[in-house]
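Trainee: Residue numbers (our numbering), protein chains in the order written: chain A, 1 to 152; chain B, 1 to 152; chain C, 1 to 152; chain D, 1 to 152; chain E, 1 to 152; chain F, 1 to 152; chain G, 1 to 152; chain H, 1 to 152; chain I, 1 to 152; chain J, 1 to 152.
One should not assume that every hint holds.
What the hints assert, rightly or not - Here are the simulated distance ranges between beta carbons:
no., chain 1, residue 1, chain 2, residue 2, range
1, E, Lys-29, G, Ala-49, 24 to 32 Å
2, I, Arg-151, B, Glu-82, 44 to 52 Å
3, I, Glu-127, A, Ala-7, 49 to 57 Å
4, A, Ala-7, B, Ser-19, 58 to 66 Å
5, G, Ala-49, B, His-79, 30 to 38 Å
6, A, Glu-127, D, Lys-128, 23 to 31 Å
7, J, Ser-48, D, Ala-18, 45 to 53 Å
8, I, Arg-151, H, Thr-65, 17 to 25 Å
9, G, His-79, B, Glu-82, 38 to 46 Å
10, F, Lys-128, A, Ala-7, 45 to 53 Å
11, F, Glu-28, G, Ala-49, 46 to 54 Å
Unchecked claim - Just some of the chain A residues that point at chain C, by a computed CB distance under 10 Å:
no., residue
12, Ser-48
13, Ala-49
14, Lys-105
15, Gly-113
16, Phe-122
17, Lys-128
18, Lys-145
Hints were generated in silico from the structure; no laboratory data involved.
Glycine residues also receive a C-beta, built at the ideal position from the N, C-alpha and C atoms.
There are 10 protein chains.
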Amino acid sequence: MSAPSPAITSTLFAAKKASTLSFAQLGEKLGRDEVAVAALFYGQARASAEDVTALSQALGVSEETIRAELCDTFPNRGHLTEMPPREPLIYRLYEIVQNYGMAYKAVMNEKFGDGIMSAIAFSTKVEKEVDEQGNAWAIITLRGKWLPFSRF
Amino acid sequence: MSAPSPAITSTLFAAKKASTLSFAQLGEKLGRDEVAVAALFYGQARASAEDVTALSQALGVSEETIRAELCDTFPNRGHLTEMPPREPLIYRLYEIVQNYGMAYKAVMNEKFGDGIMSAIAFSTKVEKEVDEQGNAWAIITLRGKWLPFSRF
Amino acid sequence: MSAPSPAITSTLFAAKKASTLSFAQLGEKLGRDEVAVAALFYGQARASAEDVTALSQALGVSEETIRAELCDTFPNRGHLTEMPPREPLIYRLYEIVQNYGMAYKAVMNEKFGDGIMSAIAFSTKVEKEVDEQGNAWAIITLRGKWLPFSRF
Amino acid sequence: MSAPSPAITSTLFAAKKASTLSFAQLGEKLGRDEVAVAALFYGQARASAEDVTALSQALGVSEETIRAELCDTFPNRGHLTEMPPREPLIYRLYEIVQNYGMAYKAVMNEKFGDGIMSAIAFSTKVEKEVDEQGNAWAIITLRGKWLPFSRF
Amino acid sequence: MSAPSPAITSTLFAAKKASTLSFAQLGEKLGRDEVAVAALFYGQARASAEDVTALSQALGVSEETIRAELCDTFPNRGHLTEMPPREPLIYRLYEIVQNYGMAYKAVMNEKFGDGIMSAIAFSTKVEKEVDEQGNAWAIITLRGKWLPFSRF
Amino acid sequence: MSAPSPAITSTLFAAKKASTLSFAQLGEKLGRDEVAVAALFYGQARASAEDVTALSQALGVSEETIRAELCDTFPNRGHLTEMPPREPLIYRLYEIVQNYGMAYKAVMNEKFGDGIMSAIAFSTKVEKEVDEQGNAWAIITLRGKWLPFSRF
Amino acid sequence: MSAPSPAITSTLFAAKKASTLSFAQLGEKLGRDEVAVAALFYGQARASAEDVTALSQALGVSEETIRAELCDTFPNRGHLTEMPPREPLIYRLYEIVQNYGMAYKAVMNEKFGDGIMSAIAFSTKVEKEVDEQGNAWAIITLRGKWLPFSRF
Amino acid sequence: MSAPSPAITSTLFAAKKASTLSFAQLGEKLGRDEVAVAALFYGQARASAEDVTALSQALGVSEETIRAELCDTFPNRGHLTEMPPREPLIYRLYEIVQNYGMAYKAVMNEKFGDGIMSAIAFSTKVEKEVDEQGNAWAIITLRGKWLPFSRF
Amino acid sequence: MSAPSPAITSTLFAAKKASTLSFAQLGEKLGRDEVAVAALFYGQARASAEDVTALSQALGVSEETIRAELCDTFPNRGHLTEMPPREPLIYRLYEIVQNYGMAYKAVMNEKFGDGIMSAIAFSTKVEKEVDEQGNAWAIITLRGKWLPFSRF
Amino acid sequence: MSAPSPAITSTLFAAKKASTLSFAQLGEKLGRDEVAVAALFYGQARASAEDVTALSQALGVSEETIRAELCDTFPNRGHLTEMPPREPLIYRLYEIVQNYGMAYKAVMNEKFGDGIMSAIAFSTKVEKEVDEQGNAWAIITLRGKWLPFSRF
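Let's have the full structure, built from the sequences with the hints guiding it.
Mentor: Right, dumping it as structure tokens:
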């Protein structure tokens, strides 16, 4: 019921490096998005029984080890990312919320009414695009169910 | 050089309400995304000379008023959204960064190398999807240029 | 799109006092719970068109005034309660979350699996009970939809 | 007199997993609510002599171990839940206090006068409801003695 | 339902100065302790109907003014004292809690069991003592009902 | 010169439990108040040479151990109690300062002039009272020398 | 009983500028140190009846104005200096405490025993020295009564 | 380049205790002030080659040990004193900055112009005075070079 | 002695806009760097008598107005920039300190010994460079006197 | 994917000390600036394959050790420098941002338009200058690509 130990994170990253598999390749083996796989590595998502088997086979880590930390427990989410983030990559995401938060709210309230975009009934992915000048662009998609405030 | 006064925000929202135009319709008139238009309303983006004219015509607010606040000055960004956000809609976006920040970093470093996704050379949009059961889903897309760390 | 001015809160409380109606009586007129009515007074919930009419009739405040502040805008929730709360009554609620948060999570994960109780698809009420010794007890009920984490 | 070591929490969770007993089943054996049992596991409540015996029998952990940590000491409550909570499930409870705190105060002052709902002379429980569409709902009940401010 | 305006505090202090009455003398007229009277002046306690009459007569402030701010509303307590306090006199009280908090808990748990001293069913007073060398000593007494944690 | 190690606290509490002596009984042996004895256990007060001998005899802990931690060093006070306290018992004391701080200052300035109540030239005690209904009440007395601000 | 309004600070500084008197010259007229006079200007010290007369004569501000703000009330000290200070001059003083705090404690405990240097029974002054190279040096002297911790 | 380990602090304090030398006596041997010596013990100042030799001879700690921690590295200053300080002795120094910061600035700007008193080109000392009544007074002197702001 | 009112900032920016002068052109007229001129506009630097005359002539603002706010007072520096900065441009500077602070310290201690780079005996400038691909680069130069820690 | 362990930092500093090489000399061997080399030591920059070889040869640390910590992982930047910094040298850099942040923004917006100076497409260096009086001056140069805000 507590957070997974940092040991599982190290174990999985070491096994992944030895396997030379990317998160995207692991994602295919699990039938999950690569972001979800990385979240699993950090103990920020929960593994299903099938995930345990697939991860074990792909990475050569015993099912018992994986199950005990990522499947038998319920993740203690959110404590890994320091807020405000000092890490430059994560800070940019934070900054987007800080700069455009009110604008998102205005547009989403207009489009959907009074409610929120769920972060639970939710998925996300990261894509790479290269433009004509050869510049790389990162595209993050956030997709969440719209939940209207209940009237009571 | 300072932040726009809250007055311009109220003026623009009142004029928009009177005009019955949506952010999306305003976006078409300005050739900008609706999120950027909402950001303009909050003084979190800068208006070009053409934006001033188009906004003035669409909303019936004088060009002088708009130009003085949104075009002659450079926005003082980021101060409108309290962090951590108390507003439930904005909090969910913050929570996504908190929960998936490390996973985004792991996947993006693998996909792009050592660098960040820019929040400046950046655009974003909000879309609405309705699934077969009639549930609405919100989709937010973040697109930023990949900036590798300079070697020095 | 911004928070209602404190003026509407004062106006509504003054009118309520003049009317001698309780929140529970107002709740009956609106078909809403008394907590929801109090939240309306503080601009922390959104009024429907029917709410505007009913409130106006019950309290003798013009529909225009109420509509402009509580219906045309989308509430900017959560900013009224200082956290951690210094107010003793509100602090006790905060303390319950602080003391029993982990226990709630352990029990709810066991009962429902990996997910959260929604605070959006949500209702709440306050009841009073008097025991045999004449002591009063307050009972707060929180009822929220269970949202399982999406697999992705 | 100090907080229980994290070791007792791990020991109890491991023993509970081996026993396959739920918190509700343990609660029946102790004559306590399942939330109180989970709070005991985290050292956030104090065990009576009978609780020690019942827990020991149910979980196969020695009475000495349980007594030393949960009965001989007085719990150092509240330090386990980080505030504001990052854990999504616990954050929703926090958000309810943040959004409805003032409304609860207004309604409770009206119903009970000047005072607070005790968080000490207090009990709580979690229930599960399934509606006609098959959706699960969580119901949390908070019941505290009403304490009027003393006149002095 | 909101906090009293600072205006009532200024009004009462000005009237008290004009009257040359001390808090202790006012306390006698109200049948309350002088600390409770000072708390009333700051809107941190609630006046009864009799308090309103007595204060009005003693200070020459209209009953309406006093009633509206100190009797019709329920105090929003605790927000007047900045924490940690910068004011040297108040800081010393804070420091006593900081230095002796754990010792108070150890002694009180031993003397009373598992529970708390109520700050609601509570009274306090300040006394002055002069020792043989002519030094003044301040004595603050805190008296609160002992509340044992409920078993549930 | 540094803070005592937590080890001495554990050692003393274990020895006290074995001895079945209460803080009050220990206080009689040392000629000190029971709160001061508990503060000694937490390393928040300094032991005299006589205290070391008396504690050693009462608890069966060697004089050397006690002297090295509680007598040779000067206590690093105040770091044991987290502020704001999460512990419910200690929080109530903090709340009293928060709610009545300004009232104490007003009354004490009136009674004593411009100055502070010392927290150094200071003593404190805890007493238990049982009223006619059998309810227990805790009484904490704080007694500090009054220090007027120097004129310079 | 509340803090002096910023108005008195402005009034006094304007009158001082018109008078061309330095703080040192004002100090001579009041029989107080120049730092105490500056503290008076900011409402961080209390004026005696004689101070009021002397200030009034020196600066041409009416006795009534000065008395009402600096003599009838008890200062609400400490709230003027933001901590940590952003002002570079004040920050250096803060940094001295931060860098040498532990060293001061070690030396003072050795020299004086277990206690503190009072900041209430206290005076301070600022002097200027010019060395042979023509460099100016500032010398701040802090002089406080030593208060040993009471044994209780 | 990193902070000295806490081990050197313990080693030096233990050796000093064994030697029965005071900071003042050590200061004479090093030709430094006793506060500087105490700062060296805490790794908050840098030892010269001569300091290493003198400390080694006085305390019987090997030169290698002292040199590695206090001479080869550059101190990571300021992290030892928690701010705001909880330690009562250090808090009084902090409170002096808080209460008199603005007054110091006003007097020093008047005496020296626009600039700061350096905390780097800086020395400090602690003295003890006993008045006619036998009361001890502590005198702390801060002496820093005056640095005018550069015009650029 | 207090901070300049925001009014002078607005006045100067409005006059600068009317004059169409850049900061660089104003800098030439004052014989100061453009960054220093912008700092003057924000009241974060002090104007000399000559600066007052030159600014007055260049911008058509009366000497009296400028002198009263920027020359008669000593700036209250540092309070204009919120830390951590939310403004994206200022945040990047903050991030550079955060990411490279330890590296700067290591290199500067090696190059200069134990000391600091002064931020008072200090100047700074901003330059623009355009590379062969037409990309603009900003170059900020910080130049401060090296101050070795005094030995005492 | 996690931060390098502190062990690598110690290893590299020890090896550098043994080698008697300066950061500048190491920089020549790696073809990188000395600040970048120091950042590598702290795990705040990423080593290329060539950097690993060059560092290994220069310092006599195995390539495997360096590669595992500085090349196979992506740095978790920014967490090493506490903000606000307590370290005096790093604080001065922070203070420069605090004092001149708004001025930099005003000048840079005027010179470059709406955008930021990148801290990613960025290099920095430290130089030493000795003036005619023999005073040392430190010069830090920050050079970042200018990124205009995208229009969207």
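Trainee: With reference to the structure, classify each hint as holding or not holding.
Mentor: How the hints compare with the structure:
1. E/Lys-29 - G/Ala-49: 24 to 32 Å: 29 Å, holds
2. I/Arg-151 - B/Glu-82: 44 to 52 Å: 48 Å, holds
3. I/Glu-127 - A/Ala-7: 49 to 57 Å: 50 Å, holds
4. A/Ala-7 - B/Ser-19: 58 to 66 Å: 60 Å, holds
5. G/Ala-49 - B/His-79: 30 to 38 Å: 47 Å, violated
6. A/Glu-127 - D/Lys-128: 23 to 31 Å: 39 Å, violated
7. J/Ser-48 - D/Ala-18: 45 to 53 Å: 51 Å, holds
8. I/Arg-151 - H/Thr-65: 17 to 25 Å: 22 Å, holds
9. G/His-79 - B/Glu-82: 38 to 46 Å: 23 Å, violated
10. F/Lys-128 - A/Ala-7: 45 to 53 Å: At roughly 49 Å between Cβ atoms, A/Ala-7 and F/Lys-128 fall inside 45 to 53 Å, so the hint holds.
11. F/Glu-28 - G/Ala-49: 46 to 54 Å: 51 Å, holds
12. Ser-48: 7 Å, holds
13. Ala-49: At 12 Å from the nearest chain C Cβ, A/Ala-49 fails the 10 Å test, so the hint is violated.
14. Lys-105: Nearest chain C Cβ about 7 Å off; hint holds.
15. Gly-113: 8 Å, holds
16. Phe-122: Constraint on A/Phe-122 satisfied, holds at 6 Å.
17. Lys-128: Hint on A/Lys-128: violated, closest Cβ of chain C at ~18 Å, above 10 Å.
18. Lys-145: 8 Å, holds
Hints 5, 6, 9, 13 and 17 from the earlier list are contradicted by this structure; the remaining hints agree with it.
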